[in-house]
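Put chain B on the given structure of chain A with help from the hints.
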Amino acid sequence: MTDWIKACAADDVDREDVLRFDHGGRTFAIYRSPDDGYFCTDGLCTHEAVHLADGLVMDHVIECPKHNGQFDYRTGAALRAPVCVDLAIYEVKVADGDVLVRVG
Amino acid sequence: MAGVPPAAPAAGGAGGLRHVVVGAGEAGTRAAIALAARSGEGHRVVLVGEEADAPYERPPLSKAGADGVTCKPIAADGALAGVKTVFGVGALALDRAARVLRLADGRVLAYDRLLLATGARPRRLSCPGGERAAVLRTRADAERIFAAARPGARAVIVGAGLIGLELAATLRGRGLAVTVIEAAPRALGRALPGPVAEAIVARHRAEGVTLRLSAAVERIDDGAVVLRGGEAIAADLVVAAIGVEPEVGLAKAAGLACDDGILVDGGLRTSDPAIFAAGDCARLAHPRFGPVRFETWRNACDMGAAAAGAMAGEPVDHAPGTWFWSDHYDLGLQMAGRHDGGHRLVRRDLPGGFLLFGLDEDGRLATAAGIGPGNAVARDVRLAEMLIEQGAAPDPALLADPAAGLKTLLARG
Numbered sequence: 001m002t003d004w005i006k007a008c009a010a011d012d013v014d015r016e017d018v019l020r021f022d023h024g025g026r027t028f029a030i031y032r033s034p035d036d037g038y039f040c041t042d043g044l045c046t047h048e049a050v051h052l053a054d055g056l057v058m059d060h061v062i063e064c065p066k067h068n069g070q071f072d073y074r075t076g077a078a079l080r081a082p083v084c085v086d087l088a089i090y091e092v093k094v095a096d097g098d099v100l101v102r103v104g
Numbered sequence: 105m106a107g108v109p110p111a112a113p114a115a116g117g118a119g120g121l122r123h124v125v126v127g128a129g130e131a132g133t134r135a136a137i138a139l140a141a142r143s144g145e146g147h148r149v150v151l152v153g154e155e156a157d158a159p160y161e162r163p164p165l166s167k168a169g170a171d172g173v174t175c176k177p178i179a180a181d182g183a184l185a186g187v188k189t190v191f192g193v194g195a196l197a198l199d200r201a202a203r204v205l206r207l208a209d210g211r212v213l214a215y216d217r218l219l220l221a222t223g224a225r226p227r228r229l230s231c232p233g234g235e236r237a238a239v240l241r242t243r244a245d246a247e248r249i250f251a252a253a254r255p256g257a258r259a260v261i262v263g264a265g266l267i268g269l270e271l272a273a274t275l276r277g278r279g280l281a282v283t284v285i286e287a288a289p290r291a292l293g294r295a296l297p298g299p300v301a302e303a304i305v306a307r308h309r310a311e312g313v314t315l316r317l318s319a320a321v322e323r324i325d326d327g328a329v330v331l332r333g334g335e336a337i338a339a340d341l342v343v344a345a346i347g348v349e350p351e352v353g354l355a356k357a358a359g360l361a362c363d364d365g366i367l368v369d370g371g372l373r374t375s376d377p378a379i380f381a382a383g384d385c386a387r388l389a390h391p392r393f394g395p396v397r398f399e400t401w402r403n404a405c406d407m408g409a410a411a412a413g414a415m416a417g418e419p420v421d422h423a424p425g426t427w428f429w430s431d432h433y434d435l436g437l438q439m440a441g442r443h444d445g446g447h448r449l450v451r452r453d454l455p456g457g458f459l460l461f462g463l464d465e466d467g468r469l470a471t472a473a474g475i476g477p478g479n480a481v482a483r484d485v486r487l488a489e490m491l492i493e494q495g496a497a498p499d500p501a502l503l504a505d506p507a508a509g510l511k512t513l514l515a516r517g
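Taken in order, these protein sequences are the chains called A and B.
In terms of the numbering used here, the first sequence opens at residue 1 and continues consecutively.
In terms of the numbering used here, the second sequence opens at residue 105 and continues consecutively.
Same shape as in the complex, but just chain A (with noise of 0.2 Å):
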């Protein structure tokens, strides 16, 4: 079982936005849904390997800055090509305002 890690605080990512986090050498996206729910994916398109975290979310999707890809945070699901590969999630919970992550 791996451990959990402190990713950010949770008022550091906007609401309906995405920060980067790098940690152990791999890049994470962390979310934050309109309705205030955490969410951690893989930092990098399944496309191209280019930064999610640069990208815009609206609602519960995230779309690539650089192609237009767009993946539903929550499960990863790849929505509108060129992306066809879902993105790897992981387990993420929040404990007095930190955002901690599972990412093993």
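Take the hints with a grain of salt, since some may be wrong.
[Stated by the list, open to error] Derived pair list, reagent style SDA-like, types lysine to any residue, alpha-carbon separation capped at 20 Å:
| hint | chain 1 | residue 1 | chain 2 | residue 2 |
| --- | --- | --- | --- | --- |
| 1 | B | LYS167 | A | HIS51 |
| 2 | B | LYS511 | A | ASP22 |
| 3 | B | LYS167 | A | GLU48 |
| 4 | B | LYS511 | A | GLU16 |
| 5 | B | LYS511 | A | ARG15 |
| 6 | A | LYS93 | A | ALA9 |
| 7 | B | LYS511 | A | VAL61 |
| 8 | B | LYS167 | A | SER33 |
| 9 | B | LYS176 | A | HIS60 |
| 10 | B | LYS176 | A | HIS67 |
| 11 | A | LYS6 | A | ASP22 |
| 12 | B | LYS511 | A | ASP35 |
| 13 | B | LYS176 | A | GLU48 |
| 14 | B | LYS511 | A | ASP12 |
| 15 | B | LYS176 | A | ALA49 |
| 16 | B | LYS511 | A | HIS47 |
| 17 | B | LYS511 | A | ASP54 |
| 18 | B | LYS188 | B | GLY210 |
| 19 | B | LYS511 | A | SER33 |
| 20 | B | LYS511 | A | ASP36 |
[Claimed, not checked] Listed next, the stretches of chain A that the computed footprint assigns to chain B, with coverage defined by at least 3 CB atoms under 8 Å from CB atoms of chain B:
| hint | region |
| --- | --- |
| 21 | 22-36 |
| 22 | 51-57 |
[Said to hold, decoys possible] Examples of chain A residues lying across from chain B (beta carbon under 10 Å, computed):
| hint | residue |
| --- | --- |
| 23 | ALA10 |
| 24 | ASP11 |
| 25 | ASP14 |
| 26 | GLU16 |
| 27 | ASP17 |
| 28 | HIS47 |
| 29 | ALA81 |
| 30 | CYS84 |
| 31 | VAL85 |
Please keep in mind that the hints were generated in silico from the structure rather than gathered at the bench.
Just so we're clear, the structure is a prediction, and the values are computed from it rather than from any experiment.
Cβ atoms here follow ideal geometry from the backbone N, Cα and C, with glycine treated the same way.
Relative to chain A, chain B alone:
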């Protein structure tokens, strides 16, 4: 709307249609994948491509990495599983009366619906020695250029458009001396508002690229580009990047209506209702822009997907906005909307870059261009694109204010 003629009985499909897609670039491949996704309806899909390679993305070709030409496939493994592919074979002729496509290897493909996604071909220099200049369109073109791109070599690029300057950045990154020759008095004049073009040009100059504006090429000798007036610029590598011509040969010979592109309506139909066109080769009757031909990656993707829907009999009224990106060193440019010198420009400064909004005479947002490190401007340009689609007329003071989030200006719900 023109009626689609009744389909001939399809061989092998229960009431399905025989779809033939000519051209395996972005538009054709996207269309074929989208058509194959409807294969449950009994459609058969054939994708014909002149290049022997499996379909690949063209944008990375001008940005080759240190380990050679970047060749990124369009279709992930299995995505073309429902498509019969014929690669490495050109299309010779279209017989509309018989509804068959004749291929260079003698094969004859019958179709009920045919998509022309024949793309465009680079313009060649017409001056003496013009054939000595490489062009950049295909993987083979890129391999030729980058094989000659040794550190210390002297490259001369003719044409200071987006492709020419992207290539200049890449070649500088590989240690070449780069000169760019442009006939017009300014670089990037066609596609971009002045201040954005100037920012990109300034970066190229700072990186050591020599720009020769208002300069005409007289001829290309072995080892030199000679300008009108007689000046010779030594060159180990010469590349012509002076735009493209739509590939309309097949369509024209078959009598389809063409005018700098194959003419299509909002349903992407040509003057023959069984034949559709998409991508760089197609000139769309656009409700806002008039007849227009886009040469962008996004357009090829979206038009290909829309054509697939139209060919499958779905109602399609294609009236896209336009958007593109371009990379120069670590600078990323993105632009939404169609540049028009008559727009009122509003600038928003950002760390390391800026956004430039173009407002039309009614105060509606018509364009947004941004330049900055990496993908720093992507989010704002995307939001601006949505505002353009909504016909928004935002307060220019808010557009200029970096603290005013563009998302707050969107109509949601």
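Hints and how they fare:
For the suggested pair LYS167(B) and HIS51(A), the alpha carbons sit about 18 Å apart, so the restraint of at most 20 Å is met. Proposed proximity of LYS511(B) and ASP22(A) is contradicted: the alpha carbons are some 26 Å apart, above 20 Å. For the suggested pair LYS167(B) and GLU48(A), the alpha carbons sit about 13 Å apart, so the restraint of at most 20 Å is met. Restraint check for LYS511(B) and GLU16(A): the C-alpha separation of about 10 Å stays at or below 20 Å, so the hint holds.
For the suggested pair LYS511(B) and ARG15(A), the alpha carbons sit about 12 Å apart, so the restraint of at most 20 Å is met. Distance check on the hinted pair: LYS93(A) and ALA9(A) sit about 11 Å apart at the alpha-carbon level, within 20 Å; holds. A hinted pair counts as satisfied when its Cα atoms are at most 20 Å apart, and LYS511(B) with VAL61(A) qualifies at roughly 14 Å. For the hint pairing LYS167(B) with SER33(A), the CA-to-CA distance comes to about 35 Å; that exceeds 20 Å, so the pair is violated.
Between LYS176(B) and HIS60(A) the alpha-carbon distance is near 29 Å, which puts this suggested pair outside the 20 Å criterion. About 14 Å separates the Cα atoms of LYS176(B) and HIS67(A), which keeps this hinted pair within 20 Å; it holds. The suggested pairing of LYS6(A) with ASP22(A) holds, with an alpha-carbon distance near 11 Å, which does not exceed 20 Å. With a CA separation close to 16 Å, the supplied pair LYS511(B) and ASP35(A) stays within the 20 Å bound.
Restraint check for LYS176(B) and GLU48(A): the C-alpha separation of about 9 Å stays at or below 20 Å, so the hint holds. Our distance criterion of 20 Å between C-alpha atoms is met by LYS511(B) and ASP12(A), whose separation comes to about 18 Å. Between LYS176(B) and ALA49(A) the alpha-carbon distance is near 12 Å, which keeps this suggested pair within the 20 Å criterion. As the CA atoms of LYS511(B) and HIS47(A) are separated by approximately 26 Å, the hinted pair breaks the 20 Å bound.
Between LYS511(B) and ASP54(A) the alpha-carbon distance is near 15 Å, which keeps this suggested pair within the 20 Å criterion. Among the hinted pairs, LYS188(B) with GLY210(B) is consistent with the structure: their alpha-carbon atoms are about 17 Å apart, no more than 20 Å. A distance of roughly 15 Å separates the Cα atoms of LYS511(B) and SER33(A); the hinted pair therefore holds under the 20 Å criterion. For a cut-off of 20 Å, the pair hint linking LYS511(B) to ASP36(A) stands: about 17 Å separates their Cα positions.
Check result for the region 22-36 of chain A against chain B: violated, 0 residues qualifying (beta carbon to beta carbon below 8 Å, three or more required). Coverage of the region 51-57 of chain A by chain B holds in this model, with 4 residues showing a Cβ closer than 8 Å to a Cβ of that chain against a need of three. For ALA10(A), the interface hint is violated, since its Cβ never comes within 10 Å of a Cβ in chain B; the closest pair sits about 20 Å apart. With its C-beta approaching chain B no nearer than about 16 Å, ASP11(A) sits outside the 10 Å limit, and its interface hint is violated.
With a least beta-carbon distance of about 9 Å to chain B, the hint placing ASP14(A) at the interface is held under the 10 Å criterion. For the restraint placing GLU16(A) at the interface with chain B, the shortest Cβ-Cβ distance is roughly 8 Å, inside the 10 Å limit, so the hint holds. About 9 Å separates the beta-carbon of ASP17(A) from the nearest beta-carbon of chain B, less than 10 Å, and the hint is met. At about 9 Å, the closest approach between the beta carbon of HIS47(A) and any beta carbon in chain B falls short of 10 Å, and the interface hint on this residue holds.
With its C-beta approaching chain B no nearer than about 6 Å, ALA81(A) sits inside the 10 Å limit, and its interface hint holds. Contact between CYS84(A) and chain B, as hinted, is supported at the beta carbon level, the nearest pair being about 5 Å apart and thus within 10 Å. The interface hint given for VAL85(A) is met, as the beta carbon of that residue sits about 7 Å from the closest beta carbon of chain B, less than 10 Å.
When each numbered hint is compared with the structure, violations occur for hints 2, 8, 9, 16, 21, 23 and 24.
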